[in-house]
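Visitor: Top line first, the protein sequences correspond to chains A and B.
Throughout the first sequence, residue numbering follows full-length UniProt numbering, covering 1 to 395 in sequence.
Throughout the second sequence, residue numbering follows full-length UniProt numbering, covering 1 to 139 in sequence.
Simulated from the structure, these hints should not be mistaken for lab results.
Ideal Cβ positions, reconstructed from N, Cα and C, are used throughout, including at glycine.
Heads up, a few of these hints could be off.
Below 27 Å or equal to it, Euclidean Cα-Cα: the simulated DSSO-like pairs (lysine-lysine) are [stated by the list, open to error]:
1. Lys-32(B) x Lys-391(A)
2. Lys-75(B) x Lys-391(A)
3. Lys-391(A) x Lys-120(B)
4. Lys-32(B) x Lys-99(A)
Across the chosen pairs, the derived CB separations fall in these ranges [unchecked claim]:
5. Asn-30(B) x Asp-381(A): 15 to 25 Å
6. Thr-84(B) x Pro-18(A): 48 to 58 Å
7. Gly-17(B) x Glu-261(A): 49 to 59 Å
8. Phe-130(B) x Asp-123(A): 31 to 41 Å
9. Tyr-127(A) x Asn-46(B): 17 to 27 Å
10. Lys-99(A) x Glu-127(B): 37 to 47 Å
11. Val-86(B) x Asp-381(A): 27 to 37 Å
12. Glu-70(B) x His-316(A): 13 to 23 Å
13. Asn-30(B) x Lys-3(A): 31 to 41 Å
14. Asn-30(B) x Ser-257(A): 27 to 37 Å
15. Lys-99(A) x Asn-30(B): 20 to 30 Å
16. Phe-32(A) x Glu-70(B): 51 to 61 Å
17. Asn-30(B) x Lys-209(A): 34 to 44 Å
Single-letter residue listing:
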Amino acid sequence: MEKRFVYMDHAATTYTKPEVLEAMMPYFTEQFGNASSIYNFGRRSKAAIEEAREKVAKALNALPDEIYFTGGGSEADNWAIKGVAFANRNKGNHIITTKIEHHAVLHTCEYLEKQGFEVTYLDVDEYGLINLEDLKNAITDKTILITIMFANNEIGTIQPIAEIGKIARERGIYFHTDAVQAVGNVEIDVKEMNIDMLSLAGHKFYGPKGVGALYIRKGVKIDNLIHGGGQERKRRAGTENLPGIVGLARAIELATSNIEEHNRKIKSMRDRLLKGIMDKIPYTKLNGHPEKRLPGNINVSFQFIEGESLLLLLDHYGICASTGSACSSGSLDPSHVLMAIGLPHEIAHGSLRLSLGDLNKEEDVDYVLEVLPQIVQRLRDMSPLYESFIKEGGK
Amino acid sequence: MYSDKVMDHFMNPRNVGEIENADGIGEVGNAKCGDIMKIYLKVEDNRIVDVKFKTFGCGSAIASSSMATELIKGKTLEEAWELTNVAVAEALDGLPPAKMHCSVLAEQAIHKAINDYRIKQGLEPWEDRFSDDDDHHHE
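Throw the hints in and build the complete structure from the sequences for me.
Guide: Here it is, written out as structure tokens:
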């Protein structure tokens, strides 16, 4: 078996596609003018940004005026949540979110709690889905914002976004969704889904890092996060990341042009890989929802072993993946997402996320199916948990 | 993140396995915290003539087990008792700060195995410098 490089961590980040880079290049070296400058050379940069804004708007079925470029997904989340919280303080101080959000949302909510806001963290079921009745019951007359992620970065579970949007709209509460993992993988229509704010990040859909966007529906009352110059229609200060914005727009255009076809390809590889893992490796559990999940996402737990040692061995064979084990993150507890879906600690420690994307080929699936079972067995043979399990008759 | 030594002992762990009818067995850690270390000793004339381990845990937990077992092989029980977690970490050319507890586990597992042996021999167990409450300070 020949060693190969297999990148199965697309949920962490993706490469920038050559056609995206090509679109960006002139804005570094030639058309570098400041979009705020009055001369024609600057105005051409401004025009490029406006063209980019149209592309992003089109991908979400939003209006161009509803798109604001940011320094990434985390900034977009921070802006949406803090901005709405502080601007609507006179109306109420209650925010509803879930226990499985990205830290950009969770830690922002925790910060707001210190500022006097109250936050409800909704539970999820064993698949990572929220219960819509729980959501309705959590709403009070002080609720000003519901922020629930479109799709989870670890287990890939896709929430019933349109239903959440409907509930929020009926109750007159703003609805923000972190769609960082969803763009390019799920059809998004902010109008139809009643989404008031949506965060996205370029590097998750084959665009550059360090650039994102926040969609803000016209009429949403929201404070600024970044204060300074009058860029982004006085809403987000700072000289525009011109090449980044052009790249993000080109990337979203490509990523949303044929979601169905793209998903079919990724999903067929994902399904073959998942089936192979389940068939070849006993005592394995699938984490997340069997159907309502991102097309490239696999999250499984292997009993009796720990995720960090698994990643190190996979890395030795050239395979890039990730885990929810505490030991890989430097924190002491395993992933909050795996805890929220009710996994016992030891099962969460043995989790592996493989996220497939455009870099993957069928040969990668074959290779992982060759290597992974051996690695898992190697670690199990070293594990005292496996030893006692076998001695007790392997029940 | 890990030294070459840690990676070597992780990729090619020494002394993995079990000893049938071991003279002393020590198991520390718990699955909740993500690491369990189990050490088996074969003792002859107060000397560790063979040692094996099984570990559930991260790369540094496995490397610490491997290194610790190497360091006590052939030693008297008194000498083995003196092995500190810092010595294990140093022999591995250092561990990241968040992973130092892996070396503590190794020291504790050895102590527990030695005391298991002593108890089986009808001897008083020696006092561990880490109390049982410290067993796994992950709270």
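Visitor: Hey, Lys-32(B) versus Lys-391(A), does the alpha-carbon distance stay inside 27 Å?
Guide: 21 Å, holds
Visitor: That 49 to 59 Å hint for Gly-17(B) and Glu-261(A) (C-beta), does it hold up?
Guide: 51 Å, holds
Visitor: Hint says 17 to 27 Å; check whether the CB-CB distance for Tyr-127(A) and Asn-46(B) agrees.
Guide: 57 Å, violated
Visitor: Need the status of pair Lys-391(A), Lys-120(B): alpha-carbon distance at most 27 Å?
Guide: At roughly 23 Å apart (the allowed maximum being 27 Å), Lys-120(B) and Lys-391(A) satisfy the hint.
Visitor: Does the Cβ-Cβ separation between Lys-99(A) and Glu-127(B) fall within 37 to 47 Å?
Guide: 43 Å, holds
Visitor: So the hint says 27 to 37 Å: do the beta-carbon atoms of Val-86(B) and Asp-381(A) match that?
Guide: 30 Å, holds
Visitor: Could you tell me whether the CB distance from Glu-70(B) to His-316(A) stays inside 13 to 23 Å?
Guide: 21 Å, holds
Visitor: Taken at face value, is the distance from the CA of Lys-99(A) to the CA of Lys-32(B) at most 27 Å?
Guide: 20 Å, holds
Visitor: Kindly confirm whether 31 to 41 Å is satisfied by the beta carbon distance between Phe-130(B) and Asp-123(A).
Guide: Taking Cβ atoms as reference, Phe-130(B) and Asp-123(A) lie about 37 Å apart, which means the hint holds.
Visitor: That 51 to 61 Å hint for Phe-32(A) and Glu-70(B) (C-beta), does it hold up?
Guide: 59 Å, holds
Visitor: Per the hint of 20 to 30 Å, is the separation of the Cβ atoms of Lys-99(A) and Asn-30(B) within bounds?
Guide: 24 Å, holds
Visitor: Given the hint of 15 to 25 Å, check if Asn-30(B) and Asp-381(A) actually sit that far apart at their C-beta atoms.
Guide: 21 Å, holds
The structure shown violates the earlier hints numbered 2, 9 and 14.
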